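So the protein sequences, as listed, match chains A and B.
1 is the number of the first residue of the first sequence in my numbering; add one for each residue after it.
1 is the number of the first residue of the second sequence in my numbering; add one for each residue after it.
If you're looking for bench data, these hints aren't it; they were derived computationally from the structure.
Please read these numbers as outputs of a predicted model, since none were measured by experiment.
Each hint should be verified, as a subset may be incorrect.
Put simply, identical chains are the same to the list, so a pair is met inside one copy or across any two.
Computed list of lysine-lysine pairs in BS3-like fashion (alpha-carbon distance at most 25 Å, straight line) [said to hold, decoys possible]:
#1 Lys57 - Lys97
#2 Lys402 - Lys57
#3 Lys113 - Lys97
#4 Lys155 - Lys113
#5 Lys216 - Lys179
#6 Lys18 - Lys407
Number of protein chains: 2
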Amino acid sequence: MGEDAKAATGKETFHVDKVGSFSEWYNRIVREAELIDDRYNVKGFIVYRPWAMTSLKLIYRAYEEALERHGHLPVLFPTVIPEENFVKEAEHVEGFKAEVFWVTHGADEKLEKRLALRPTSETAFYQMYALWVRSYTDLPLKFYQSCTVFRHETKATKPLLRGREFPWIEAHDAFATNKEAQKQVIEDKEMAEEVLHRQLGLPFLFFRRPQWDKFKGAVDTYAADSLMPDGKLNQVVSTHMLGDNFARAFEIMYATREGARRYVSQTCYGPGISRILAALISIHGDDDGLVLPIAVAPIQVVIIPIRGKEDENPSILQLSQDAADRLRQAGFRVELDLTEETPGAKYYFWEMRGVPFRLEVGAKEVSGGYLTLFRRDTRRRTRVHLEGLPEHLSEAGREMLKDLRRKAEQQLSFELAEASNLEGLVLQLARSHGIVKVPFCSIEMAGEACAQKIRERTGAEVRGVIFPEEEKPSPGSRCIVCDRAAGHIVYVAEAY
Amino acid sequence: MGEDAKAATGKETFHVDKVGSFSEWYNRIVREAELIDDRYNVKGFIVYRPWAMTSLKLIYRAYEEALERHGHLPVLFPTVIPEENFVKEAEHVEGFKAEVFWVTHGADEKLEKRLALRPTSETAFYQMYALWVRSYTDLPLKFYQSCTVFRHETKATKPLLRGREFPWIEAHDAFATNKEAQKQVIEDKEMAEEVLHRQLGLPFLFFRRPQWDKFKGAVDTYAADSLMPDGKLNQVVSTHMLGDNFARAFEIMYATREGARRYVSQTCYGPGISRILAALISIHGDDDGLVLPIAVAPIQVVIIPIRGKEDENPSILQLSQDAADRLRQAGFRVELDLTEETPGAKYYFWEMRGVPFRLEVGAKEVSGGYLTLFRRDTRRRTRVHLEGLPEHLSEAGREMLKDLRRKAEQQLSFELAEASNLEGLVLQLARSHGIVKVPFCSIEMAGEACAQKIRERTGAEVRGVIFPEEEKPSPGSRCIVCDRAAGHIVYVAEAY
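Just chain A, with the same shape it has in the complex (with noise of 0.2 Å):
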């Protein structure tokens, strides 16, 4: 605990407007909270601390449930990939190579090739893929790894949004038909739900990028957009439609029932686990710190045995260790939390780290035989009994999750406006709407140098038509920059 147990005792605390100041939120809080240290001596590489750890984690775990349940397994490809892989589908290299760190020498010897730290791995998996499949009955095949990857970023970095390695999640999945392989992109909309919406509490939007801005290789990227609490978005998970580009530069090919000889068709897809946990953090958390849902809470409830000095009531005691023991039964993680501090102070350490729920046990709880049950986003304080006392919790990280929820989808709902010409965006961008729907000439690479023009004039990026069920423009409606006609309503915002 070190520094901030100091802070704790009063020195100085945690307080900041999270809406009015995010950066300043963000940057602090990561910090604060233990989340991260990024005094690591190599530029754009932090350290995760066990507060963060932890709860990547669980969500790692979380997102690895869902992609079992839909079919998937586990591999693990090396960390390198040799430079003759990498050049193989072309517009692939073109858009990764400036990002690439190379690997050069073992000891002192030049290695015979160079080999990347991967950036991301198809080209690491499609050369298996060409070995593994022979026939229609060995697909689908539906692999993922957990791992970090490299990037040599030269835009800032920021912990947890944008570093050289990051930890994400890589599913590579090859089907028979193109039909298949848009089914599961859909697929991977429906575990972003599942994970995101239902277990951490996050809405997103999920769309169809625009040309210009797909993964390099792929024919369409789908994304998950989260909104931060400074308007920005956050693309929190990508799925990409491959076709059969790399299908065709690796040489991926089945037979099929008649023994007809074809090309798999091909999606990949990548939670970014980090940046989960930001959005997780920026949109959750409030102006005295973090507030996490129960489901990746490192410690869901924490007991504080409130003793004065003279009062060593050995009730409390008692009491506090009995509801520890119950809940750590019942598959609760708990903090019981013996340290010497102050009441007060241990009421900020924790709150400021987001835990969900503080049972606080002193003498009157004891005479009164009940505990006093704090919720960490609404603050509010209820008396709950140890009978029952697990249950009593269940419920009550359900409703707060409901509740998060909701606030974040209001947040959302509030943050999207609309515009119908260039001055209405930049008009609506200024009023500090985040996301501004517009009618758009065309996500083609024709649309580019429209969406070219809205950067430059708002900073804002046009990042796609909700997927699957693309909102039409009204009849006659025009593109806010060329005038056009109008043949989709696209989303512009900032992002990270």
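Given chain A, put chain B in place with the hints provided.
Frame of chain A, contents of chain B only:
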């Protein structure tokens, strides 16, 4: 499944004399059971396929839970370590520099400083420990990370046993006193027992290594060795008493309660997750393939409906489905095999992959109101009922684990022999006793020349003394090499 499914149709089957031809057995089973693929085009780097990766994840989880029960918290450090950190502990850099892969470029730019792909992470962790440790209240610090590490091996690689990138856990602990660090070594041994012995049925010998075989930078190295079927030892876990060697190199100091400044005492601990899987495969497997204990079997129960060509008895499918539902509901990992293969081909397929239990459901079972349970290790069939099936299988899983453990223990004691002179040692090793106890002069550096002579004569290594209950040589006994007074009973064996 591809090629092997074809093999399963009867063209060729796996049957290899495990003990008589262990090397062939091992090299074939890791490929034919689709555990790994070593056709990846970078030497010494392999792909972990789903059947291995699922088990590796279960071993990881078991070990992480043990570490957390013993007070460790998860962290994640960068994969890259700058050269300046790496050279801080003189002995450490000497030990590892011949094995380091170097990252030298980001895109086309040369990096300011070379970055090592971590061969192990002491020099990454401890610079941060120097920032995190201030006072005795910050101690002990007990953090672990699950990751892969990289060694530019010059020795021949072998899947799961020796590779250029391999999955492991590393725990790094810092204490106020040497005594606490020494206690941690005992706790590290206990964790190995909890996971390897109790959950996986793998016995091991726990050694203090001779000084010439310690981790570079450590005061002492301790390790758990498993006995492989070819009589060679496989170091599956190691733990290192670091004393204050690294604390001095990285200036990790704390203020005592009285305000004095002291160096911390440290240990580090490395369960080799893929080496544990290699031991598990090799020790429990038999001539027909893998035998997996239920704790780490990707599929614990496979259900095979036996339908004649003409006889599409719907009750068979119904009973199979009911059994699957009940077992899944109780938390079992279940496969209901409805593929078009023959029952015999399915038996073969899942037996080779080591699935611990099979339920056979045919017309006989339906009319008799029972299911036939086949246990992989004993190959014995018994009748079981739908009622109470999960409880029955849990019990059968415990029985199987107990039997596997007992068999492995018997093998270990069978291969353990003694000798009182060099000729006796040679004779015992020739009689295929894998491990021979002998009186030996010294496991300090003074004994290295004698160990070298043993190596030259027999190819075997002095693996160390049993820890913590070291056996004492009988009075008057002499070192089998130099004839000086014996200071220790050491264990001699070949090693992976």
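Results of checking the hints against the structure:
Taking the closest pair of Cα atoms, lysine 57 and lysine 97 never come within 25 Å of each other, the shortest separation being 30 Å inside a single copy and 32 Å across copies. Taking the shortest alpha-carbon separations for lysine 402 and lysine 57, only the intra-copy value of 22 Å comes in at or below 25 Å, while the best inter-copy value is 32 Å. For the homomeric pair lysine 113 and lysine 97, the shortest alpha-carbon distances inside one copy (16 Å) and between copies (20 Å) are both at most 25 Å. For the homomeric pair lysine 155 and lysine 113, the shortest alpha-carbon distance between copies (20 Å) is at most 25 Å, but the shortest distance inside one copy (28 Å) is not.
In this assembly of identical chains, lysine 216 and lysine 179 lie within 25 Å of each other by CA distance solely inside one copy; the values are 21 Å within and 56 Å between copies. Only within a single protomer do lysine 18 and lysine 407 lie at most 25 Å apart by alpha-carbon distance; the minimum there is 15 Å, versus 62 Å between protomers.
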